[in-house]
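Protein chains in written order, with this note's numbering: chain A, 1 to 230; chain B, 1 to 230.
Bear in mind the hints are in silico, worked out from the structure with no lab data behind them. Computed from a prediction, not measured in an experiment: that's the story for all the values here. One should not assume that every hint holds.
[To be verified] Covered by chain A, per the in silico footprint, the following chain B stretches (three or more residues, Cβ under 8 Å):
#, region
1, 94-106
2, 111-118
3, 140-150
4, 199-212
[Said to hold, decoys possible] A few chain B residues that face chain A, going by a derived Cβ cut-off under 10 Å, partial list only:
#, residue
5, I12
6, S13
7, P15
8, E27
9, L40
10, E43
11, S58
12, E62
13, L65
14, N68
15, Q135
16, N168
17, E169
18, S186
19, V191
Even glycine gets a Cβ: it sits at the ideal position worked out from N, Cα and C.
Below are the chains, spelled out letter by letter.
Number of protein chains: 2
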Amino acid sequence: MKAIALLGGPNISWPIDIKDKLVKAREKGTFIIGVDRGSLLLEELNLTPDLAVGDFDSLKKEELLRINQSVSDIRYSVPEKDLTDTELALHYAFDDYCVDSLSLIGATGGRLDHFLTNLFMLLKPEFRQYAEKIQIIDQQNYISFLNPGKHVVKRIENYTYFGAATLNEVQELNISNAKYNLAGYSNTNPVSLSSNEFLHKQDTFNISFKKGLIAIIQSRDLDRFQNIQK
Amino acid sequence: MKAIALLGGPNISWPIDIKDKLVKAREKGTFIIGVDRGSLLLEELNLTPDLAVGDFDSLKKEELLRINQSVSDIRYSVPEKDLTDTELALHYAFDDYCVDSLSLIGATGGRLDHFLTNLFMLLKPEFRQYAEKIQIIDQQNYISFLNPGKHVVKRIENYTYFGAATLNEVQELNISNAKYNLAGYSNTNPVSLSSNEFLHKQDTFNISFKKGLIAIIQSRDLDRFQNIQK
Numbered sequence: 001m002k003a004i005a006l007l008g009g010p011n012i013s014w015p016i017d018i019k020d021k022l023v024k025a026r027e028k029g030t031f032i033i034g035v036d037r038g039s040l041l042l043e044e045l046n047l048t049p050d051l052a053v054g055d056f057d058s059l060k061k062e063e064l065l066r067i068n069q070s071v072s073d074i075r076y077s078v079p080e081k082d083l084t085d086t087e088l089a090l091h092y093a094f095d096d097y098c099v100d101s102l103s104l105i106g107a108t109g110g111r112l113d114h115f116l117t118n119l120f121m122l123l124k125p126e127f128r129q130y131a132e133k134i135q136i137i138d139q140q141n142y143i144s145f146l147n148p149g150k151h152v153v154k155r156i157e158n159y160t161y162f163g164a165a166t167l168n169e170v171q172e173l174n175i176s177n178a179k180y181n182l183a184g185y186s187n188t189n190p191v192s193l194s195s196n197e198f199l200h201k202q203d204t205f206n207i208s209f210k211k212g213l214i215a216i217i218q219s220r221d222l223d224r225f226q227n228i229q230k
Numbered sequence: 001m002k003a004i005a006l007l008g009g010p011n012i013s014w015p016i017d018i019k020d021k022l023v024k025a026r027e028k029g030t031f032i033i034g035v036d037r038g039s040l041l042l043e044e045l046n047l048t049p050d051l052a053v054g055d056f057d058s059l060k061k062e063e064l065l066r067i068n069q070s071v072s073d074i075r076y077s078v079p080e081k082d083l084t085d086t087e088l089a090l091h092y093a094f095d096d097y098c099v100d101s102l103s104l105i106g107a108t109g110g111r112l113d114h115f116l117t118n119l120f121m122l123l124k125p126e127f128r129q130y131a132e133k134i135q136i137i138d139q140q141n142y143i144s145f146l147n148p149g150k151h152v153v154k155r156i157e158n159y160t161y162f163g164a165a166t167l168n169e170v171q172e173l174n175i176s177n178a179k180y181n182l183a184g185y186s187n188t189n190p191v192s193l194s195s196n197e198f199l200h201k202q203d204t205f206n207i208s209f210k211k212g213l214i215a216i217i218q219s220r221d222l223d224r225f226q227n228i229q230k
């Protein structure tokens, strides 16, 4: 079973046509999770989440009442806790509901301390096992995660660029069948190798490494040639 | 001399009233740098950059001509190079123009591979020396960087939260005089300790650590209680 979680990040950054996409996903059996205010936003899209997780401190009293009345599985987190609401959502989705994959929407845009928390959480030993089953998706970016080994990464339709961001120490990183190839790269510090591209008429590139966690960020420009004066 | 660099990130993420702020900064002697399309965007704000850096592949021919005619110091970078245009801007600003500090605007929003490149570049040995002189600023975030030692961090006016993101191995991290304090924290992997807050009526918190590079992300909500249905 696939799952999608909606977080509280600004809706201006969400993928376009989010409601259609969520409705179609649910019709195919996708499990829908609301994280904190994401739960209410799903309600407002007429999509009652299957699971709601949070301390719900971003909800007003009557909003929380609405969630309470409609959502069958609500997990209350404790503020001032060690795990974030999103980390709890991962835990419940994979451990209790045994989902196969989880896409996070609303994990980007807005506050960058939140985004980095969502990005770096997969480095924690308890979440590392889920890394390859998680995607962070917004209007311009599709982030997936790779553990050490040999991988063939597929192009997400309509995405032009890809970057490989090493999130911790990486050893013997190789990238091939891409515009910019790389052989035997090692670094103790994180680095974001950005603006790489798939080869013409190639919908995959190859990547391998022996140590580290890597975020593959497929991205596209919305308005590369932006102007101040329209 | 202070400096501000405008990068090509989406203008929707820039600090509000950017033109007023840039005009006032220039009146006080701030050095203005345009990075790639940022150079043209500055021109469009009627602020000819003092220095323009880039391969300018995001500029149309007539746009590049305009930059060529107006900007007195243009440094052309080579595409498919090791250093990004922003890294070159750092190099020229600090080494050639000896600026004391550099604020980056347009380094966030949009493509996240770009943002991570801008965030992680300060881990590179050649740029590490500039870390404490650099800020990444957008509408919701004010990011500064700390090298090991004891620091007192001042609140940026109108910012509510702060996060401490360790960008590489951190040793003996202590945070005090904050809502959530921390003592003797070490981690080989990056982590983003988000949503901390200054204490009531306190405009500083204390932080110390023995190893690592830390990004202090002061942030604020624009619309924490966002709704789908306005």
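Now for the hints, and whether the structure bears them out:
1. 94-106: Contact hint for the region 94-106 of chain B vs chain A: violated, 0 residues under 8 Å.
2. 111-118: holds (count 7)
3. 140-150: holds (count 3)
4. 199-212: violated (count 0)
5. I12: Because about 8 Å separates B:I12 from the closest Cβ in chain A, which is inside the 10 Å limit, the hint holds.
6. S13: Constraint on B:S13 satisfied, holds at 9 Å.
7. P15: 14 Å, violated
8. E27: Cβ of B:E27 sits 20 Å from chain A, so the hint is violated.
9. L40: With a closest approach of 8 Å, the B:L40 hint holds.
10. E43: With Cβ-Cβ at 9 Å, under 10 Å, it holds.
11. S58: It holds, given that the least Cβ distance between B:S58 and chain A is near 6 Å, below 10 Å.
12. E62: 12 Å, violated
13. L65: Violated. Min distance 15 Å.
14. N68: 18 Å, violated
15. Q135: 13 Å, violated
16. N168: 5 Å, holds
17. E169: 8 Å, holds
18. S186: Where the cut-off is 10 Å and the nearest Cβ of chain A is about 14 Å from B:S186, the hint is violated.
19. V191: With Cβ-Cβ at 5 Å, under 10 Å, it holds.
In terms of the numbered hints stated before, the structure departs from hints 1, 4, 7, 8, 12, 13, 14, 15 and 18, listed from lowest to highest.
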